[in-house]
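S.K.: Below are the chains, spelled out letter by letter.
Protein chains: 6
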Amino acid sequence: MTTIRVINPNTTVSMTAAIGACAAAVAGPEAVVEAVSPVAGPVSLESQVDDALAVPGMLARVAEGEAAGVDGYVIACFGDPGLAAARELAAGPVVGIAEAAMRTAAYLGRRFSIVTTLARTVPHIEELAVSYGLERQCAGVHASGIAVVDLETDPLAREKIAEFAEAALVADRSDVIVLGCAGMTEFTAWLAERLGVPVVDGVAAATATVAGLLRQGLRTSKRGEFAVPGAKPFTGTLAAIEPRALLAR
Amino acid sequence: MTTIRVINPNTTVSMTAAIGACAAAVAGPEAVVEAVSPVAGPVSLESQVDDALAVPGMLARVAEGEAAGVDGYVIACFGDPGLAAARELAAGPVVGIAEAAMRTAAYLGRRFSIVTTLARTVPHIEELAVSYGLERQCAGVHASGIAVVDLETDPLAREKIAEFAEAALVADRSDVIVLGCAGMTEFTAWLAERLGVPVVDGVAAATATVAGLLRQGLRTSKRGEFAVPGAKPFTGTLAAIEPRALLAR
Amino acid sequence: MTTIRVINPNTTVSMTAAIGACAAAVAGPEAVVEAVSPVAGPVSLESQVDDALAVPGMLARVAEGEAAGVDGYVIACFGDPGLAAARELAAGPVVGIAEAAMRTAAYLGRRFSIVTTLARTVPHIEELAVSYGLERQCAGVHASGIAVVDLETDPLAREKIAEFAEAALVADRSDVIVLGCAGMTEFTAWLAERLGVPVVDGVAAATATVAGLLRQGLRTSKRGEFAVPGAKPFTGTLAAIEPRALLAR
Amino acid sequence: MTTIRVINPNTTVSMTAAIGACAAAVAGPEAVVEAVSPVAGPVSLESQVDDALAVPGMLARVAEGEAAGVDGYVIACFGDPGLAAARELAAGPVVGIAEAAMRTAAYLGRRFSIVTTLARTVPHIEELAVSYGLERQCAGVHASGIAVVDLETDPLAREKIAEFAEAALVADRSDVIVLGCAGMTEFTAWLAERLGVPVVDGVAAATATVAGLLRQGLRTSKRGEFAVPGAKPFTGTLAAIEPRALLAR
Amino acid sequence: MTTIRVINPNTTVSMTAAIGACAAAVAGPEAVVEAVSPVAGPVSLESQVDDALAVPGMLARVAEGEAAGVDGYVIACFGDPGLAAARELAAGPVVGIAEAAMRTAAYLGRRFSIVTTLARTVPHIEELAVSYGLERQCAGVHASGIAVVDLETDPLAREKIAEFAEAALVADRSDVIVLGCAGMTEFTAWLAERLGVPVVDGVAAATATVAGLLRQGLRTSKRGEFAVPGAKPFTGTLAAIEPRALLAR
Amino acid sequence: MTTIRVINPNTTVSMTAAIGACAAAVAGPEAVVEAVSPVAGPVSLESQVDDALAVPGMLARVAEGEAAGVDGYVIACFGDPGLAAARELAAGPVVGIAEAAMRTAAYLGRRFSIVTTLARTVPHIEELAVSYGLERQCAGVHASGIAVVDLETDPLAREKIAEFAEAALVADRSDVIVLGCAGMTEFTAWLAERLGVPVVDGVAAATATVAGLLRQGLRTSKRGEFAVPGAKPFTGTLAAIEPRALLAR
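Chains as they are written, first to last, in our numbering: chain A, 67 to 315; chain B, 67 to 315; chain C, 67 to 315; chain D, 67 to 315; chain E, 67 to 315; chain F, 67 to 315.
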């Protein structure tokens, strides 16, 4: 058995539970999923400031996981915050849900559309598509205007997302939908049924990817950029959760 | 249980068996792997002519698989021959080993090097990297000069591949090795041990990817380009293996 | 005198004749055009499956041409099927109509629009534009919804194409029209008159290009990728038209 | 008079002083420079983990600056950590030294070479060049192997940097050198004299850029992505330096 | 004190005066601005022919400036005509207003829109954005239909530009406006107030950039492409203004 | 009969004659070639200043050609100086030798190497390859160090070029050579024989291209950017050769 730690980088515990359930459903019989939130951070991530503040507590969860023998990690926020830093700390594979969702969509059709939450997150998602080499396949990123925390509570959220997705398929001439927020994970099957096209949820995609990497025996390369960085003199309030201090315990 | 059909597009049966064994090792307990060769074609694929002649017989195996209820497919030649055509025929996912290997390598490090067989295949592999959006991550494609059929019989093949891979890691400043031929699948674990970096075998990567897609319930989008094309009047010698005729049976 | 073989990769003989007439009109007094269809294949090419099934019979026509001393080849289908494979077989130049049409359009204006047949062919044409390095110049690919075989029989086809082209010039802010199917070759002059902009027909563009290459004494490079591949053991139904067997005769 | 706050994201105070002196020398008579370190973080930034841990304390310095009426900011680490987050918080312009150095170099020659510290930082710098659209102009990124903290203490550091830069000019066929670490700022004039080509120091480049933006009355756009994000419920150890809490004071 | 020569490449003297005033306002207390027109050329530049005819007289002004000890140059036409040639002649920095405006805009937001004069200039501006590596940040180039010489005389010009800019911000999902003609320089402050986003004027941006380069002691690299080219035998009417003859005086 | 005017943008008359002979050899029996030099300009073009000074006199030759009924134009300098401006003036097609050579090479192999004259011209040629979308196919640009005027007089020039080309084929892993200067046109056949790969001369490639465009009835699009620009008030020494004045005669 292998252990996959799915880290929801925000501190909304109900969302962490939903993400964990979704991940467990695709991890396969050989993997155990544990879903956690950071030790510190905001209730949702909808800006670069939010991302920056969530990452240290998320990295602490990786360091803690290393000490506990975790085999692989999913970072369950569509901005892929702290992904490269987490790769430095982990021996096993670390996969972000935006990269996994986009690469997964590329196996299923020629072009995909992403439906996300607030308009201010769109440029960062477009930048990720460029960084991952998928800007030609990513035909459009569409903001629904629904905030992350409202996805769970707004009874019309699912319906609104469906309408944005249907319009995106036509406007973008695309054939796959990617859900651009971990908080949408529970809508996936309903949307796929409704839309008649593949709907990729990043949490499922990243978890299945980590499970597959583990079955292949593949881990993060420690040659070069992602080698574990040495500990350093450190000043101030973050010392208590500094991940290399946690690693060294 | 799901069924994954791994199609070795060449007609060397011993290679088909080795590929099937490799795929079965990573497909997970919920999937059955069946490995097949095309109904017609050359013993190895090392040119665009070889690819063109292998594809019709490979597509016949997809059409036949559809009739038999196969859930997903792997195309096990590093040129990804006939991949888009196979996606048109299949309801489930179809994954090529070059695209799967390159996308898998992108999760493990910043840059990967590909070690392949003959020099004449290098430009096509580079073109695939561009097409998949991975030209920045693909730091180099290196020909070992070993022909596909000699991989099985040359006792020094494995050692030569290792030497090319070691040189590539330095010259390309890369941190992951991708094996650029399905015939190298049996060298993977030995090479990873020898080199100390992740070594990605496309057969394993593609099989794990298809298994993961199936667990997520994801299939090829039939909206647009990959819809099943209608049958057409057809002239000549290929009529017996024309896949739409096979589909219609 | 030089001989240019124009291969219509589908088996609709009336279309082959029209293509041949168009090619002959631009080949110049020093070249003889011969137009042929493959020895086997579908009546039209509108999917990746169609392309895959047409290529072996098309390659047989190249091999046959080599034996007969043909000087250069045009592949007269806008998907450029089998182009790289044909270059491996031929000593002289081989030009596809999509690549010739796009490169020709780039001499005449800043941006061109392509008008083609069915929507499902659009993504492949866009992929060709990327592959040829012309994605910035290719301002849009527009499907008219007219099937290849209806171009000859639908009396309104020409008019519909004109309307799509006019709309494309405005929507794409383009200044040249490219006809995205060999079956439109007879509409070229009428459309140019009607639209007031250059209208590039791929059959004419490719034939003029081959004729020009022959006058310069330029042939396909046999250094590396496009060297003639050696013959190989071959299994099954395609053996009768395997091009290297034909070459060796 | 305008105030430019130059933030050295590491907590090595002697380096902060040197950076401040360099910035003051180019800010012009109309601007006052104040150089600060984060309220918390590591002594140097040489990994993605380092960057992630430095950013919250750096953002606190931005929030504090906003309260104090600072007009513009420089982020003085060549990885441009937290740049987008800082732009969300600041009303005025925020410039990173990597982006400023690369864009400045592009005015002076056709291609530039970057000389930096440790090899593990090279891929991130290359990624920044892609993100800023300067991958064609950035002809090479070269690691000197000298750690950030040794730049101040190793008496041979300057000479070694010069040798790497000279080799880079030849190997990369470049005509401008960019110094890839804020800790090299004091070497700039000596290197320019020694090498006979323009040598761009990011601290100077970013400070001059901010000063120039301020003279033009240009500030960060608050339309869309960089609007100030609202405060949120926040858990844990970072609450004391959460920048929106500081902003709201 | 340093001297910055701002060359308006057209021969409309009133525009030269306005450009000079704008440049002087941002050059800072340490720089003197002198604004000049070419010794020969058309009254406005709105085609490639115009650009070609303006450049020799503009280069003569550079050569003359070198003889007079000018420290740096701005080329004040949004097509950046003759920029590379001017760099060959000048010892100090030379900056074009299109490149400076686009790079400046990239510090202020994620995407910018350009509002320019006639439609025929749009493709060249788009080509410049590609050449400078800013095609992703340049979200759209919009022609107002107002000719250069009418910018000064049409009382509605300013209002029309504002309307195009407002529409562009929405259509392009952009957050910064770039003025695509030196003749719009006087509208900048009014537009910024009206639109509520940063408005970048190339004349100001380029002048501030040159001033900043001079404060850093940075000059054009003379290693390679931009070395001063030697004089040559020369035929015909341009001999009187051949810049190397002027340089040699 | 059609008339193709081949303009050698430099004023070395012996080179003009050689270029004319080369062009005539490939223009075909239906076209007459006339080779001319500009009415004014330098003896060779080896810098951006040279290009800028040659263009007005070259455009005068286009305007003069229009008055005389010339059908198409070749601009016979590998920097393609003034190409867009010439397209504005001409009704028929205008082709530069760099664009024609690179596009022609792309039909013959996967990657080409360019051998040119002085090192300082290399960056501009690389920029042209990017602008034409051929940066992937252009595997290298190599300076031989031989000045343009020495190509005719140095008895070893041909041999040196051959050595550079042979080395380039290996270093660049390319399969086609492109001659990067019109002054090398007479070496083409000898080099092709010597090297055993296709050698593309831009003068021949551009002339064959123009002849082919004329046979297709294709002319420069006058919709948008390349419409003939209206005449304008004009100041100074170039008035006598201002092309629109010549056009209007």
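The set of hints was computed from the structure by calculation and includes no laboratory data.
Careful, some of the hints might be misleading.
Note that identical chains are pooled: a pair holds if it fits in a single copy or bridges any two copies.
Listed next, the in silico DSSO-like pairs over lysine-lysine satisfying Cα-Cα at most 27 Å (straight line) [claimed, not checked]:
hint: 1; residue 1: K298; residue 2: K288
hint: 2; residue 1: K298; residue 2: K226
hint: 3; residue 1: K288; residue 2: K226
Treat the numbers as computed from the prediction; the structure is a model and nothing was measured.
S.K.: Each of the hints needs a verdict: does it hold here or not?
M.R.: We went through each hint and held it up to the structure:
Taking the shortest alpha-carbon separations for K298 and K288, only the intra-copy value of 19 Å comes in at or below 27 Å, while the best inter-copy value is 37 Å. Proximity of K298 to K226 under the C-alpha cut-off of 27 Å is restricted to the inter-copy arrangement: shortest distance 24 Å between copies versus 48 Å within a copy. In this homomeric assembly, K288 and K226 come within 27 Å of each other (Cα to Cα) only across copies, at 24 Å, whereas the closest approach inside a single copy is 44 Å.
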